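Student: Protein chains in written order, with numbering that gives the first Met the number 0: chain Z, 0 to 337; chain P, 0 to 431.
Read the hints as simulated data drawn from the structure, not as lab findings.
Please read these numbers as outputs of a predicted model, since none were measured by experiment.
Take the hints with a grain of salt, since some may be wrong.
[Claimed, not checked] Straight-line C-alpha distance at most 25 Å; calculated DSS-like pairs for lysine-lysine:
id, chain 1, residue 1, chain 2, residue 2
1, P, K175, P, K3
2, P, K396, Z, K308
3, Z, K308, P, K296
4, Z, K308, P, K425
5, P, K277, Z, K18
6, P, K428, Z, K308
7, Z, K308, P, K12
8, P, K251, P, K204
9, P, K15, P, K303
10, P, K45, Z, K308
11, Z, K76, Z, K42
12, Z, K22, P, K103
13, P, K416, Z, K71
14, P, K277, P, K12
15, P, K103, P, K45
16, P, K3, P, K416
17, Z, K316, P, K243
18, Z, K76, P, K416
19, Z, K18, P, K3
20, Z, K316, P, K251
21, P, K251, Z, K313
22, P, K356, P, K296
23, Z, K76, Z, K18
24, P, K128, P, K45
25, P, K416, Z, K316
26, P, K243, P, K277
27, Z, K313, P, K427
28, P, K356, Z, K18
29, P, K204, P, K174
30, P, K6, Z, K22
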Amino acid sequence: MASKTGFIRQTAPYLREPKANVKRMMYDVILALIPVVCFAFYKYRLNGLMIILTAVGSICLAEYLYYKFKKKPGTLKNGTALISGIIYALTLSDSIPLWAVFTGGVAGVYFSKLVFGGMGANIFNVAGFSRVFVMLSFGPLMQYKVDTVMSSTILGIANKTTAVTTLGNVSLFEMFLGINEPGSIGETSFLIILLAGIFLGIRKSLDWRVPVTIILTVFGLSFAVSLATGGPLLTYPMFTILSGGLIFGAVFMATDPITSPITATGRIYFGFGIGAITYLIRLYGALPEGVVYAILIMNMFTPALDYYKWSNPKFTKRSITIFSAVIIATVILVLVGV
Amino acid sequence: MIRKTNKITVDEKLRKNLPTVEIDPPEKVYITLIEMRLNSYELDVKEGDKVKLGECIGVKDGGFFTENIFSTVSGTVGQIVKKFNYSGKKVECLEIINDFQETKADTIKERTDQEIAQLTKDQFVDIIKDNGIKGLGGGGFPTYIKFATDAKIETIVLNGIECEPYMSADYQLVKKNSYEIFGGLKYAMNSMGISKGIIGVKETKKALLKALRKVQAEHFSDLNCEIIEVQDYYPQGWELELIKNVLGIKIKQGTLLSDYGLIEINVTTAVAIYNAVKYNHPVVERYFTITGTAVNKPCQMKVKVGEYVPRLIEAAGGYKTKEDKILVLGGPMMGANLLLDDAIIAVTNTSILVFEKGEPAEEPCIRCASCVYSCPTLLQPVQIMNAFKCKDIEAIKKLKIFNCIECGLCSYVCTSKIHLTEYMRKAKKLAK
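Chain Z extracted, bound-state conformation:
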């Protein structure tokens, strides 16, 4: 006989991908960050650990209190605040006082995420925004102890065409390992971050298109410079990639899906934009490090890249033409500056 009750309404499809869930993605990122955190602890000991704890604490606390006051269900469980906190801490220098870390974290998460409506609605990468907030507010406190702002100094030299050869003094392998390289507490080891990135890529928890395009763009532009100045052909591009927070930004900050475009093509333009702006900042700018700024600038362009009238999941003849023109223009712009 027909049953009268016991059925619930649902619409097709009735199956869901069991592996696809936000928690899995977020925990993957946390897992990938653990070696980087360990490295920071190894290098900076208690100081590094305190910075990380303060950063995580400030962001989580701000988010918790915000939702408490708003009388809405808390959102700490999904792990985004934790991740933002760790990434933010890893981009700071070891000399920064903890109160500055705390202020930056609270202000960063409030202005870049909570006011926009929490997870999924933020325009800017939370960690990047917090870091920029700290840099702009407490810049003088962010001194790198050894060989002040090494990357920029050497990049500065490199830009003077005559001095490209002096790069030979820097051991690329040492930079690859990052053990003695000065810099932000978690950004220096290319090797560890690369492995974390590969792990996330295999687990499909990040979109490989973004970091790969960023690295390729920076490599390509510096290679062009290298060619034009007749310097060491590969040493300079390799140095550019290994120095500063490029790989860290590419793997952990630019890949934040919430602040990147939603089409494959859009993500390639986005990655190219970050790479090009980073390199241009390094070449022309007065800043020690351009990656975070580049990411925030491209975050602003995300809605434009997603605009429905021109977003397209596939490359078309028109988009390839425009993209090629932009690439050529960027190369010319770079070469003019050398």
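Please build the complex by placing chain P on the supplied structure of chain Z, with the hints as guidance.
Tutor: Frame of chain Z, contents of chain P only:
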């Protein structure tokens, strides 16, 4: 997960080696009178009349096309009652009380091979129309309209893919009725003057390929027909996807297959064509699957068109639970949800699924773009959802919502478990 997905993870226990069960002939069958696109009907019989199996008892009218109604058992005409069908709504159905005699209608008679060889295109189309044959893969589009085209048809593609997981109706059919598939194909090719036939089968279904190749070698070696293996992914059974893979022709959505000199029909439809042409026999039964986490004994069977769903559930060992369960008529990706099992099986239905769990909780979109990567029609589901939330009809249209085939992949892959497919349907309605 940020990735393109076209494989559906399924519970193999509910899919592989399902036992075939025999069910007792039904005491009553219910013949749907109202269907999708066919919203009025005219009956030639009244309550108390005697009818025979396969007898034409009326006609359904859909405005620009009609479809004959057939009795699927012999017996006495009962009342017109309202039952659920695959539309998820209650529709008018004609009850027929079975006399278990299976007396066949007078119209069912064999045509000789010579008669068949002399059939013209118009006669062929008429036979198909008279036997009420329609897309039996689930689409339900009247087959005679496909064949009645004036365009020159060069290739006919038979779809043996059945890409939705858990379904096995076509599998059973190809295994047991390979001869009839080729027969139907041959009749269609001869009468229509089609030079080439193609049967698409998944490369993973070795048993089907073997059965088809054997029949082809034994009986139809002179027929210009190719059996093409295609990859096993979802939605391979979508006609444009299949044609792209077997012929390499990319068909623009919204254009007619006949413009490309193509016809595409399901293998079940081909068997129906064979029976119609050879015996003038309409479809009265079909292969069927009952499975899911909430039935006791998942199984496959042959059912009469017009069977009553609770009887079938009983044959499958009944429900596992009295609590909340989801009853689906059709596949797990595109099937219709029924709120009561007081429903009947129409000729286009292939399976019943009963699931235990409800929908997972939604989280905010994290813009991972899995839906964009996975969409087989290259849409941007998340953008359409956002446009729908803002009631931005212009954007919805510009994002090509009408290309959406509602395959369900966007909901399936969503990291945040957002029910995007439902938004696609709503957006379609809004933009109409």
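Student: Now tell me, hint by hint, if it's right for this structure.
Tutor: Going down the list of hints, with the structure as the test:
1. Between P:K175 and P:K3, the direct Cα distance comes to roughly 35 Å. Violation of the 25 Å bound is thereby established for this hinted pair.
2. For the hint pairing P:K396 with Z:K308, the CA-to-CA distance comes to about 11 Å; that is within 25 Å, so the pair holds.
3. Between Z:K308 and P:K296 the CA atoms are separated by roughly 51 Å; this puts the pair beyond 25 Å, and the hint is violated.
4. In summary, the hint linking Z:K308 to P:K425 is supported, as the alpha carbons are separated by about 21 Å, within the 25 Å threshold.
5. Among the hinted pairs, P:K277 with Z:K18 is inconsistent with the structure: their alpha-carbon atoms are about 50 Å apart, more than 25 Å.
6. Only pairs whose Cα atoms come within 25 Å are accepted, and P:K428 paired with Z:K308 is accepted, the gap being roughly 21 Å.
7. Restraint check: the Cα-Cα separation between Z:K308 and P:K12 comes to about 46 Å, which exceeds 25 Å; the hinted pair is violated.
8. The suggested pairing of P:K251 with P:K204 is violated, with an alpha-carbon distance near 29 Å, which exceeds 25 Å.
9. Simply put, P:K15 and P:K303 have alpha-carbon atoms about 24 Å apart, close enough for the 25 Å limit, and the pair holds.
10. Taking the CA atoms of P:K45 and Z:K308, the gap is about 58 Å. The hint is violated against a cut of 25 Å.
11. The straight-line distance between the Cα atoms of Z:K76 and Z:K42 is roughly 30 Å, outside the 25 Å bound, and the hint therefore fails.
12. Distance hint between Z:K22 and P:K103 is unfulfilled; the C-alpha atoms sit about 61 Å from each other, more than 25 Å.
13. For the given pair, P:K416 sits about 21 Å from Z:K71 by alpha-carbon distance, which is consistent with the 25 Å threshold.
14. Between the alpha carbons of P:K277 and P:K12 the distance comes to roughly 39 Å, so the proposed pair goes past 25 Å and is violated.
15. With a C-alpha separation of about 19 Å, the suggested pairing of P:K103 with P:K45 holds against the 25 Å cut-off.
16. Restraint check for P:K3 and P:K416: satisfied, since their Cα atoms lie roughly 16 Å apart, inside the 25 Å limit.
17. Annotation: proposed proximity of Z:K316 to P:K243 holds, straight-line Cα distance about 21 Å (limit 25 Å).
18. Between the alpha carbons of Z:K76 and P:K416 the distance comes to roughly 16 Å, so the proposed pair stays at or under 25 Å and holds.
19. For the hint linking Z:K18 to P:K3, the alpha-carbon distance of about 13 Å falls within 25 Å, and the restraint holds.
20. Straight-line distance between C-alpha atoms of Z:K316 and P:K251 comes to about 18 Å, which keeps the hinted pair within the 25 Å bound.
21. Of the pairs offered as hints, the one joining P:K251 and Z:K313 holds, with about 15 Å between alpha carbons and a cut-off of 25 Å not exceeded.
22. Taking the CA atoms of P:K356 and P:K296, the gap is near 18 Å; set against the 25 Å cutoff, the hint holds.
23. At roughly 18 Å between alpha-carbon atoms, Z:K76 and Z:K18 fall within 25 Å of each other, so this suggested pair holds.
24. Pair hint P:K128 plus P:K45 holds up; C-alpha atoms about 24 Å apart against a cutoff of 25 Å.
25. At roughly 34 Å between alpha-carbon atoms, P:K416 and Z:K316 are farther apart than 25 Å, so this suggested pair is violated.
26. Pair hint P:K243 plus P:K277 does not hold up; C-alpha atoms about 32 Å apart against a cutoff of 25 Å.
27. Restraint check: the Cα-Cα separation between Z:K313 and P:K427 comes to about 23 Å, which is no more than 25 Å; the hinted pair holds.
28. Taking the CA atoms of P:K356 and Z:K18, the gap is about 16 Å. The hint holds against a cut of 25 Å.
29. Straight-line distance between C-alpha atoms of P:K204 and P:K174 comes to about 10 Å, which keeps the hinted pair within the 25 Å bound.
30. At most 25 Å may separate the alpha-carbon atoms for a hinted pair to count; P:K6 and Z:K22 meet this at roughly 22 Å.
Checked against the numbered hints above, the structure breaks hints 1, 3, 5, 7, 8, 10, 11, 12, 14, 25, 26 and satisfies the rest.
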